[in-house]
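A.B. asks: In terms of the numbering used here, the sequence shown opens at residue 5 and continues consecutively.
FYI, nobody ran anything at the bench for these hints, they're computed from the structure. Idealized CB from N, CA, C, for every residue including glycine. Check before you lean on any hint, since a few could be wrong.
Quick list of simulated restraints, FRET-style, between CB atoms [claimed, not checked]:
1) Asp18 <-> Thr41: 32 to 38 Å
2) Gln20 <-> Thr41: 29 to 35 Å
3) Met5 <-> Met32: 19 to 25 Å
4) Glu73 <-> Arg31: 15 to 21 Å
5) Tyr26 <-> Pro88: 48 to 54 Å
6) Asn37 <-> Tyr13: 43 to 49 Å
7) Pro16 <-> Ser57: 17 to 23 Å
8) Asp18 <-> Gly53: 23 to 29 Å
9) Thr41 <-> Gly84: 55 to 61 Å
10) Ala79 <-> Ser38: 51 to 57 Å
11) Gly83 <-> Phe30: 39 to 45 Å
12) Thr36 <-> Met87: 43 to 49 Å
13) Ser35 <-> Phe93: 31 to 37 Å
14) Met52 <-> Met22: 17 to 23 Å
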Amino acid sequence: MIQLALRIYHVPEDIQVMLDDYSSGFRMRFSTNSYTTDWTKLEIGIAMGSTISPILFVMAMEVILKAAEDSAGPANLGGGCYMPPLKAFMDDTICSKEDETPNARAP
Numbered sequence: 005m006i007q008l009a010l011r012i013y014h015v016p017e018d019i020q021v022m023l024d025d026y027s028s029g030f031r032m033r034f035s036t037n038s039y040t041t042d043w044t045k046l047e048i049g050i051a052m053g054s055t056i057s058p059i060l061f062v063m064a065m066e067v068i069l070k071a072a073e074d075s076a077g078p079a080n081l082g083g084g085c086y087m088p089p090l091k092a093f094m095d096d097t098i099c100s101k102e103d104e105t106p107n108a109r110a111p
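Based on the provided sequences and hints, a complete structural model is requested.
C.D. replies: Right under this line is the structure:
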C-alpha cells in the first residue's frame, strides 16, 4: 500500500527506491529480564520511532479512505443534515452508510 501511495502522490522514483531500501532493512527483537529473542526481519507494518513512518502511514490511509469514499455517499440524518461516509483520525476510522431497509430486530 505504501508503494502505491508513493506512486499516487507522485513521489519521484529515486525517493521511492530510497524509502524501500530504508524500510527493507528493519529488524526487531524482544527482551525480558530473562530472555531475548533472535533478530527478525520486520516484513509488514510501519516502524515506530522512524521520522518518515507517520508520513507514509497518512499517505497510505489517504489512499484507502479516498477509494472507500468514492464508493459511498453521505448518510442522510434527516432534516437536511448529511454525514460524510468516512471520518478518520490517525488510525481510527468510522464508516457510515445510509441503509434503505427498515431496522430489523434479531429474533
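A.B. asks: All hints are to be evaluated individually against the structure, with a verdict given for each.
C.D. replies: Against the structure, the hints come out as follows:
1. Asp18 <-> Thr41: 32 to 38 Å: 35 Å, holds
2. Gln20 <-> Thr41: 29 to 35 Å: Since Gln20 and Thr41 have Cβ atoms about 31 Å apart, the given range 29 to 35 Å holds.
3. Met5 <-> Met32: 19 to 25 Å: Check passed, 20 Å falls within 19 to 25 Å.
4. Glu73 <-> Arg31: 15 to 21 Å: 36 Å, violated
5. Tyr26 <-> Pro88: 48 to 54 Å: 35 Å, violated
6. Asn37 <-> Tyr13: 43 to 49 Å: 44 Å, holds
7. Pro16 <-> Ser57: 17 to 23 Å: 19 Å, holds
8. Asp18 <-> Gly53: 23 to 29 Å: 25 Å, holds
9. Thr41 <-> Gly84: 55 to 61 Å: 57 Å Cβ-Cβ, so the 55 to 61 Å window holds.
10. Ala79 <-> Ser38: 51 to 57 Å: 53 Å, holds
11. Gly83 <-> Phe30: 39 to 45 Å: Given range 39 to 45 Å: violated, Cβ gap about 50 Å.
12. Thr36 <-> Met87: 43 to 49 Å: Holds, since Thr36 and Met87 (Cβ atoms, about 46 Å apart) stay within the stated range.
13. Ser35 <-> Phe93: 31 to 37 Å: With a Cβ separation near 33 Å, Ser35 and Phe93 satisfy 31 to 37 Å, so the hint holds.
14. Met52 <-> Met22: 17 to 23 Å: 20 Å, holds
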